[in-house]
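Take the two lone chains and join them into the complex the hints point to.
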Amino acid sequence: MQPGKNGRRDLALLTVCLMLALSAAPARAQQAATAEDIVDQLVVLDATADVDVAALRQQVLDRVKSKANAVSLRRPPIAPQLLKLPHLDLDIQFNPDSPVIRPDSYRMLGRVADALSDLKLLSFGFLIVGHMDSTGRREDNLTLSQRRAESFRDVLVTTFKISPKRIQAIGLGEEQLLDAEHPKAAVNQQIQIVAVRKGP
Amino acid sequence: MIQARSFALVLVIAATSPALAETMSFENSAAILGESCGKDIDANCFGVSFDAPRLKECLYRNQDSVSPQCKANYVRAFDAIQKRLVARVNLRKNCEYDRKHFCADPQYGYADVVACLAKTPRGMTLSCKQAIGEAGYR
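Chains as they are written, first to last, in this note's numbering: chain L, 1 to 200; chain F, 1001 to 1138.
Only chain F is shown next, with the shape it has when bound in the complex (with noise of 0.2 Å):
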């Protein structure tokens, strides 16, 4: 059920831009990060650079005084970020059935398969088109 309504929405997306199915790119999470939190960081974790688990443990431990902005936006930025990584890490095992039967050339390295699957070769399986959107490889 949660799986069909989060792929019903997926198509929704995918339907009106192709873009949107995947996740945030790097450069957009940093910035809301950046943008979000950067007063904060100063006032808070000045000197705490931005090595994700000790930056976000900072602005934690000190969310009392952070601002409602960065409140309400580093969790996210710091999600976003992980889940493109958790993507790209899955990648291998989501689409194992595929890489054999479309991409199997021997020749192939690791970012051969993957352009090679980001290209959606007829009779790809979901799992395997999904987990390429979320890695940002489309």
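Isolated chain L (complex conformation) (with noise of 0.2 Å):
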């Protein structure tokens, strides 16, 4: 071993140490404060869901451009059968009108990675699940929160090697509001993750 190596891989063990000590103080108050939590809520799912992508892509795009359910104040959700699956909302930060994920944002992604990859998950499929307020055009933001469900596949896919067969993305514009009594408020800008499938 070169000289210094030790030097280098101990500094580097100090660091995580101090980052394990000074995140698990607060550990647990939010949702997904820790991968253990997000394990937590994910594992419960009792049975494969029956959810198909592709026919729900499609009745997301012919409600919206039928112009059905023109006023975004509780506007029904469009897919309620998801709400029903263990899910986990996510405030995850997007350049603006872009799906590119911003740098505050990859510890949060890192974490997830953590979860999906730990052996109570490994044998779960998951839907993720772009979701946008609705300030602007519904048919832009039905593209951009399908571009951003997919971005966040793609980075747990290439950067930490999750399966793509285990993983589907699917945007819901404002379709499904998540606080449909105020449709403009930003909390409706969120990922979330939902189990859908266990076992092969």
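To be clear, the hints were calculated from the coordinates, so they are not data collected in a lab.
Since we're looking at a predicted model, the values are computed, not measured.
Mixed in with the good hints there might be a few duds.
As the list claims (entries may be wrong) - Taking lysine-lysine and the BS3-like style, the derived pairs with C-alpha atoms no more than 25 Å apart in a straight line are: (1) L:K198 <-> F:K1119; (2) F:K1083 <-> L:K165; (3) L:K120 <-> F:K1083; (4) F:K1093 <-> L:K120; (5) F:K1100 <-> L:K120; (6) L:K165 <-> F:K1093; (7) F:K1093 <-> L:K161; (8) F:K1093 <-> F:K1056; (9) L:K161 <-> L:K198; (10) L:K198 <-> L:K120; (11) L:K84 <-> F:K1119; (12) F:K1071 <-> F:K1056; (13) L:K120 <-> F:K1119; (14) F:K1119 <-> L:K65.
Shown next as structure tokens:
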């Protein structure tokens, strides 16, 4: 081993130690404060759910194109079946009008990657769902939410090597408002992870 | 010699705290990158997503203008992610003997085998023990 390598390694370990110590204090106050929290919330799926992503994508597109449910206030969710499955809302920051995830959210991406590669979840499949608030054009929101959900999935697959067979992505635009009483509220811009498959 | 020394180091660390024998979690690696290089990514690589090879290449290409803090950390962060991924890929090979001898239940899927090995069965090989730690499955 080269001289100094031990030192660098020790320093790296020390950094990890400090970070763990710092992050341990407020843990579990928030919904997804640790990778273990994410695992715990998703592992409760009873059985594989019957979710046809292609059909759902078409259904959302049809609703937006037909201008049905034009008023965004209290707009009914397009896919209520997803809300019954174990899921987690993540506040992921993107560049404006772009599917590129901001560096502030890298930590959360890593946390999700840790959770999805946890042994308890290795046989599970997930749906990444993109949501937008109702600011701007409805069609644009649908497109952007789809691109953002795909971008989130792509990082998990390319950088953290989560099997692409385990994660699908869909954008629901402003058709599944998380706070339907306040359609323009920023809280509606979320990335959701839904557990949909259990077992091979 | 090299292996003996690394092993000795692992032992020392393992004796003080078992968690330290592991590689860095994806969360910590990603956090180091985001926190050390956030401003540099905005300034030099805006529009490049967190796609490891592309982002690394962009930071490398712009290393004359990236901050010292980022320069000191980005390679380490990407290497830590890579190290854990490689350990996971090599787990099967490094633990083949152990799987056959200690965790050979025909009902077991991959996750069951790893969970069984992570309990460190008596007589487990050092290479497998180390592989489990590096893969972050302890």
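Results for each hint:
The straight-line distance between the Cα atoms of K198 (chain L) and K1119 (chain F) is roughly 24 Å, inside the 25 Å bound, and the hint therefore holds. A C-alpha spacing of about 23 Å is found between K1083 (chain F) and K165 (chain L), which places the hinted pair at or below 25 Å, so the restraint holds. A C-alpha spacing of about 22 Å is found between K120 (chain L) and K1083 (chain F), which places the hinted pair at or below 25 Å, so the restraint holds. At most 25 Å may separate the alpha-carbon atoms for a hinted pair to count; K1093 (chain F) and K120 (chain L) meet this at roughly 22 Å.
With a CA separation close to 22 Å, the supplied pair K1100 (chain F) and K120 (chain L) stays within the 25 Å bound. Between K165 (chain L) and K1093 (chain F), the direct Cα distance comes to roughly 23 Å. Compliance with the 25 Å bound is thereby established for this hinted pair. Note on K1093 (chain F) and K161 (chain L): the hinted pairing holds, with a Cα-Cα distance of about 18 Å set against a maximum of 25 Å. Restraint check for K1093 (chain F) and K1056 (chain F): the C-alpha separation of about 29 Å exceeds 25 Å, so the hint is violated.
For the hint linking K161 (chain L) to K198 (chain L), the alpha-carbon distance of about 19 Å falls within 25 Å, and the restraint holds. A hinted pair counts as satisfied when its Cα atoms are at most 25 Å apart, and K198 (chain L) with K120 (chain L) qualifies at roughly 11 Å. Using a Cα cut-off of 25 Å, the hinted pair K84 (chain L) and K1119 (chain F) is violated, with the two alpha carbons roughly 35 Å apart. Among the hinted pairs, K1071 (chain F) with K1056 (chain F) is consistent with the structure: their alpha-carbon atoms are about 11 Å apart, no more than 25 Å.
Among the hinted pairs, K120 (chain L) with K1119 (chain F) is consistent with the structure: their alpha-carbon atoms are about 15 Å apart, no more than 25 Å. With a C-alpha separation of about 55 Å, the suggested pair K1119 (chain F) and K65 (chain L) falls outside the 25 Å cut-off, and the hint is violated.
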